[in-house]
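2 protein chains.
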Amino acid sequence: MNSLSGFKPVSLIATVNKAGQPNLAIFSNIVHLGADPALIGFINRPKEAAPHTIRNIEETGFYTINHILPAFVEKAHQTSAKYADGVNEFDTVGLTAVHKDGFSVPYVAESRVQMALSLSEIIPLSNGTFLVVGALEHAYVNEQSVASDGFIELSKEGSIVSSGLDAYYTTKPLQRFTYAKADQPLTEVAF
Amino acid sequence: MNSLSGFKPVSLIATVNKAGQPNLAIFSNIVHLGADPALIGFINRPKEAAPHTIRNIEETGFYTINHILPAFVEKAHQTSAKYADGVNEFDTVGLTAVHKDGFSVPYVAESRVQMALSLSEIIPLSNGTFLVVGALEHAYVNEQSVASDGFIELSKEGSIVSSGLDAYYTTKPLQRFTYAKADQPLTEVAF
Numbered sequence: 001m002n003s004l005s006g007f008k009p010v011s012l013i014a015t016v017n018k019a020g021q022p023n024l025a026i027f028s029n030i031v032h033l034g035a036d037p038a039l040i041g042f043i044n045r046p047k048e049a050a051p052h053t054i055r056n057i058e059e060t061g062f063y064t065i066n067h068i069l070p071a072f073v074e075k076a077h078q079t080s081a082k083y084a085d086g087v088n089e090f091d092t093v094g095l096t097a098v099h100k101d102g103f104s105v106p107y108v109a110e111s112r113v114q115m116a117l118s119l120s121e122i123i124p125l126s127n128g129t130f131l132v133v134g135a136l137e138h139a140y141v142n143e144q145s146v147a148s149d150g151f152i153e154l155s156k157e158g159s160i161v162s163s164g165l166d167a168y169y170t171t172k173p174l175q176r177f178t179y180a181k182a183d184q185p186l187t188e189v190a191f
Numbered sequence: 001m002n003s004l005s006g007f008k009p010v011s012l013i014a015t016v017n018k019a020g021q022p023n024l025a026i027f028s029n030i031v032h033l034g035a036d037p038a039l040i041g042f043i044n045r046p047k048e049a050a051p052h053t054i055r056n057i058e059e060t061g062f063y064t065i066n067h068i069l070p071a072f073v074e075k076a077h078q079t080s081a082k083y084a085d086g087v088n089e090f091d092t093v094g095l096t097a098v099h100k101d102g103f104s105v106p107y108v109a110e111s112r113v114q115m116a117l118s119l120s121e122i123i124p125l126s127n128g129t130f131l132v133v134g135a136l137e138h139a140y141v142n143e144q145s146v147a148s149d150g151f152i153e154l155s156k157e158g159s160i161v162s163s164g165l166d167a168y169y170t171t172k173p174l175q176r177f178t179y180a181k182a183d184q185p186l187t188e189v190a191f
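In order, the protein sequences belong to chains A and B.
The numbering of the first sequence is the numbering used here, which starts it at 1 and goes up by one.
The numbering of the second sequence is the numbering used here, which starts it at 1 and goes up by one.
Please note that a few of the clues may not be correct.
Identical copies go unnamed one by one, so any copy, or any two together, can satisfy a pair.
[Unchecked claim] Using 27 Å as the maximum straight-line C-alpha spacing, the simulated BS3-like pairs for lysine-lysine come out as follows:
{"hint": "1", "residue 1": "K100", "residue 2": "K172"}
{"hint": "2", "residue 1": "K156", "residue 2": "K172"}
{"hint": "3", "residue 1": "K18", "residue 2": "K172"}
{"hint": "4", "residue 1": "K18", "residue 2": "K181"}
{"hint": "5", "residue 1": "K156", "residue 2": "K82"}
{"hint": "6", "residue 1": "K181", "residue 2": "K47"}
Hints are computed from structural coordinates only; laboratory data are not their basis.
Quick caveat: nothing in here was measured; it's all calculated off a predicted structure.
Make a model of the complete structure from these sequences and hints.
So, in structure tokens, the structure goes:
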């Protein structure tokens with residue numbers, strides 16, 4: 001069942017608790033909700049199973065989302081272990097917490113696509129999970145990786161995807177097309 | 001902004017209206033919500049922008065999700081054009097509607113991972129979009145592609161991912177790991 005919905009945009013979500021102690025955990029059920037306003041959602045499992053990230057977000061209102069590269073996929077997967085409350089997974093798995101521009105939550109320094117979000121709403125779903133909706137506050141990407149139309153070629157950035165509970169994949173450009181219209185054939189666009 | 005959330009599990013969603021007329025449209029904001037019960041969500045844009053799929057689901061309660069292969073990615077992208085209400089995109093773009101096991105909505109015959117869903121709930125989000133939650137009723141995958149632990153190696157199935165509004169990618173296995181535990185090192189698992 002965990003494979004059926006398709007590949008997933010896996011990322012590391014960093015938070016801090018009320019005392020400022022960082023937490024880092026891997027999340028794969030992330031979903032783009034809209035560009036204007038810029039909203040991103042992720043699914044947090046029931047609080048008994050995954051308590052720290054959602055509690056920290058409820059307490060502080062802020063978090064960061066950081067894409068995962070092949071170079072640190074093993075460390076990223078290790079953050080899925082059930083660590084005791086208050087354990088700083090940055091230190092435990094060996095990733096670097098970096099603060100930028102006064103945002104209260106650190107980013108993963110090793111990541112090449114980093115986002116800061118402020119909590120917009122938390123929606124409880126019927127199965128005990130939560131849709132956590134965040135508004136984009138900051139985004140850091142290599143400037144040269146952003147095309148004139150805003151497109152970011154994520155395979156060049158090294159961003160990976162996941163499948164099921166434990167499998168990770170790299171990606172390769174296949175095709176890019178023009179905006180589809182009912183009365184016109186598609187044209188391919190270069191990556 | 002459309003690239004930031006990461007790669008997306010793009011699929012074709014088929015519905016029928018009250019009169020039984022099929023509709024087919026590409027959706028990339030799909031999210032696994034849970035395995036037990038098996039729930040999958042997708043984001044439907046505001047009804048003014050994308051009216052047909054959500055209306056058909058509200059009217060009939062059923063839909064299918066079909067993974068996209070490189071061989072028909074151009075046809076799949078073409079379904080994003082704004083066709084008039086009642087247009088059957090299966091016919092218009094040249095894909096084959098196939099019925100299975102008495103389910104009221106057709107599948108995309110060319111797809112290798114096909115799912116039937118019944119509507120569980122539709123949750124309006126603050127930006128005018130909707131989280132459509134469906135319960136898995138049927139799933140069709142090549143039996144030989146399902147490992148003994150239930151894992152489906154989706155790159156072998158040819159399932160693609162998308163990025164931004166118009167870019168499609170294939171995937172390649174990177175690494176698979178054991179279940180992470182706080183007090184044990186990870187071990188790699190073969191794909």
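Going down the list of hints, with the structure as the test:
1. K100 with K172: Neither, since 31 Å and 33 Å both go past 27 Å.
2. K156 with K172: Intra 9 Å, inter 14 Å, cutoff 27 Å: intra and inter.
3. K18 with K172: Neither. Shortest intra-copy (41 Å) and inter-copy (40 Å) distances fail the 27 Å Cα cut-off.
4. K18 with K181: between (50 Å within a copy, 26 Å between copies)
5. K156 with K82: For K156 and K82, neither the intra-copy (32 Å) nor the inter-copy (31 Å) Cα distance is at most 27 Å.
6. K181 with K47: Result: close only across copies, 19 Å inter versus 44 Å intra.
The structure is inconsistent with the numbered hints 1, 3 and 5, although it conforms to all the rest.
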